[in-house]
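Heads up: the protein sequence lines correspond to chains P and V, in order.
Quick note on numbering: the first sequence equals residues 1 to 342 in the numbering used here.
Quick note on numbering: the second sequence equals residues 343 to 1101 in the numbering used here.
Since the hints were derived computationally from the structure, they do not count as laboratory data.
Ideal Cβ positions, reconstructed from N, Cα and C, are used throughout, including at glycine.
Be aware that one or more of the hints could be misleading.
List time: in silico DSS-like cross-link candidates among lysine-lysine, alpha-carbon distance up to 30 angstroms [stated by the list, open to error]:
(1) K108/P <-> K287/P
(2) K74/P <-> K261/P
(3) K613/V <-> K74/P
(4) K403/V <-> K324/P
(5) K689/V <-> K302/P
(6) K289/P <-> K689/V
(7) K329/P <-> K403/V
(8) K94/P <-> K741/V
(9) K324/P <-> K45/P
(10) K261/P <-> K689/V
(11) K403/V <-> K74/P
(12) K329/P <-> K287/P
(13) K271/P <-> K261/P
(14) K264/P <-> K403/V
Covered stretches of chain V, as calculated for chain P (at least 3 residues, CB under 8 angstroms) [as the list claims (entries may be wrong)]:
(15) 768-775
(16) 971-983
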Amino acid sequence: MTKNKSLIVLVALITLLALVGCQEQESKELNLLCVPQEEWCQGMKQEFEAEFGITVNYVRMSTGEALARLEAEKDNPQFDIMWGGPIDTYIAGKQEGMYVPYDSPNYKNLLDLDKYKDPDNYWAGIYLGALGFCTNTDFLAANPGLEAPTSWDDLLKPEFKGQVLVAHPSTSGTSYTALATILQMMGEEKGWEFAEKYAGQMLQFTKSGSAPAKFVGAGEAAVCIVFAHDIVKQIETGLPLELSFAEEGTGYEIGGMAIVKGAKHMDAAEKWFDWALTAEAQALGPKYKAYQGPTVGGVEMKYPELLEVNIIDYDFEWAGSHKKEFVDKFTNEISAADNLKK
Amino acid sequence: MTETSAKGSTWSNNLRRRFQEFVLIGRDPVLLMSLLVTGIFLFLFVFFPLFRAMIRGFFDKEGGYSIEYFARFVDPYFGPFSREVFFNTLIMGVLTASGGTFLGFIFAYTMVRCNPPGQRWIHIMALIPTVSPPFAIAMSTILLFGRNGMISRRFLGMTFPQGANDIYGMDGMVFVQVITFFSVAYLIIRAMLERLDPSMEEAAHSLGASKWHIFRTVTLPLLIPGLAGSFLLLFVESLADLGNPLLISGNVTVLSAQVFLAVAGEYDYQKASTLALVLLIPTVIVFLVQRYWVSRRSYISVTGKPTGGQILVKEPFTRWSFISVTYLVIALIVVLYVSILVGSFSKVWGIDFTPTLDHWRLMLGRGIEAILDTTLLSILATPVAGLLGMVIAFLVVRKVFSGKEVLDFGSNLGAAVPGTILGMGFVLSFSTSSWILIVALYVLMALFLAYTVFKGSRERIIALVLGTSLVIGFRLLVSVLGELTVLYIVGGAFVAIGLWYLLLQKDKRAGWIGLSMGGYILVSDLIQYVGQPIARFSLTLQSDFAANAVYQFSDYAQVPFQIPLPILAIAYFFASMILVNRVKPQFRLAMTVVLMGLSGSLYGLAGRLDGPLALTGTPYVIIAAYAVRSLPASVRAGVAALQQIDPSIEEASNSLGADVQYTFRKVTIPLITPALLAGLIFSFTRHMTSLSAIIFLVSPRWRIVTASILSEWEQGGISFAAAYSSTIIVLVLLAIGFLYYITAKVFQGRGDVDLSLRA
């Protein structure tokens, strides 16, 4: 009796084995390394799941953390695709050999084929955002005659001393974009002089790029330098903020995405890549409080004025290749300077 | 000449003595097995990752030797800032340690000497900071005392121009750390005070000394070891703290945060590793001093009982000063925690206090995955830590062997080092399989099997050679047939062996052992077909909460069945030993070879992982990190419990003919269960609240709440992070409540549940 039972079990197992051998199916999941805010990540995950029936697992990390993770897992990547974050990260990642090129059929949707994608197809741009200033309106009301800054020099006004908030460029892409914008517009020598004065106006350097808007909204400081779409988001949640731009020119970011080399769900990653370059996917942003500009045609922006400002011809290659040098210089000569300690 | 040879011979004698000792240990298979399991665990998850994290600082990205970042400490350009960070770290440690010890002393003195009203509640409130997430206090401090804080702005109307001393910076950081860590000091000093022999003070009193004089010249000197011990412990805790400095340090940089930012912000492992080594130096020195110097001088245990009656302070002024300071601090703690809860229900903290459930709804929608994952992994890691801790405690307390110190040291080291370093070591060690590690593990286990089964060296060598060739054969087969096919062949072979025992040898027990060994291997792959339908079903659900929650269970179903094969193989070798010992002598050699080959082949198989020991991205790496971090608490629980049992009870059991394992199971375990349970609950709380060790280990499928809090703090807002923190606190309190319930109902109060295990 026992003998028969055991044999039946054995036969059943072997049959299962055979069945398993026959199955060769498409990926049913996708591991996403998501850099923008949680809410957008979660929203896009659900939209993608609903459309393709592929389960998306994601972790949100800041850009630096994301790149560190990809490097550590180079031989055994856990993620299939990295989505969001400024393209200088992608340029660096491409040099480190972390991504694979992908020739998406949807490149044709891009508004600018020179700027919004890598010439070798390693990454593609998925959103745009210009740097803006946010000012606490309660602070302006309390200081009559004072207006929100409309140029970089306005930040140096004595009224703003100790009231400016920006992230540290070593941890934040936003802040690095601001630093590189200053250096590029004013030239390196004058730019560093400016940076030194501007550091004297700082309350503190935060870790995350978008955090200053929240802190200024909460009244912890008066002025922040953050991407305009993050400011709009905070205004929508009811924080007393005013958005303004530097009239002489402001920097901008292109948010990128790229498929991770050695991705275990390559087919799913390619589906996401193609999907992210469609007007339908890019139009989803405002639904999840992401007001970045699109890189593909046919998308209505909720706040088109965010990009109708004087944008400089920001040199991403130059900014990316000098990053380590500039950040080291900033850390040692400026953020550690004595004027900040008191 | 004679001297050196004499030295040489004592040395070799010593070696021979140790070797003999190991041969003796080898005669006791249970002891050998416990040593193997604990030794392998500590080596794999403590010593190896720490070593990897350390040496990374000496190599650049291309793998070339470079001490660029060490040189920065003496470099004229980078030097000043680098050294400043180092000194900031030390200043923070010293201030926190002094403040925490002082506050701990006040609490302890109040409790022991001043007989305050509501003793029980003071004790519980003083311990609350130990069970909350690491940055809860920093968060609520900012909510209350920040530039726009409830108290500082609303009630006091303070404004903060530049240069004003706000909460961000060294002072705020030390304040937060003192509140977070003083509980430890309180427990240590309280235990010490309770054990002070009152007769000394009474003698001084009857000789006419004044109260203050007695305190200064008798009480304080007697307390010195306790104060020093708590100072050093707090110093280590403060240096290792990551959450508080990240939130509240302002423009002051400390090493633990810098290590994290070097990885998270600059993706520079070399820099991070260098800084980690620099941070490790003061930590390890203090740890060693604390362990081998201070603790030798104070013969107290944290669970110590009072020796006699206590002197009480009668003088009302002193008594009420101590009591009111204690009450004030407790009021502060209450306010801090209440503000987290209120924060999680207010629309926008500081601007709009309208009550809302939005944050909780959102958190349960997109955060439910992190909460479930964290809870599950914390629960799973609890028995791992508990059992290992118990075994280590048993070995340390009851057995004598060389290397005991290493075991003891290793079990404490993993939790003493800053978690960022351990986490980084895990990433560096387990992203890919290290073949050296795998081969070493196999050799160890193969030797174990050969030596326990056979007495003669001829058979041992034959078994080893043939068994290993079989393993190599399987490994070659993998490249021909692929991982999974070989996995099924191995699983099938175990099933066949089980059937052979069952049907031909009529040995039921061995048969089922074999069948379950094979069955487990087969199930480890087949289980995904249980998971997939669950995952598919979850996609059809509409609500965020339900879809995210249900999807998790497709993962959870797989966790118990996909233990990494090289770790599983340890159990398979142990089981093989049992199987071989049950077979007739003529089959013994053949059976050993086959089982060694099959069990050994597991070292070369990855199963569903990307390499046999490629653990990153799996839940097991997080479980291991958790277990390492809470191991000292379990060991201490075990040691305390075992010391309460008179060895003669176990000896009696032994002399009545029970073997070690039977005695342990029937005598020791029942006696120590209450303490074991307390150890388990404290491991659990430690898991739920750890941040630094797992922050680099979160993966797409396994997200951890503490890491999410940090991310949400800057992203989704303070209220959102407060909602997460409240959830963790509630879960942890539930676990502790459950412990009280169990000890009260099931054990009828037998065994003292002592909250001081965390210390």
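* Out of the numbered hints, which ones does the structure contradict? -> Those not satisfied are hints 8, 9, 10, 12, 16.
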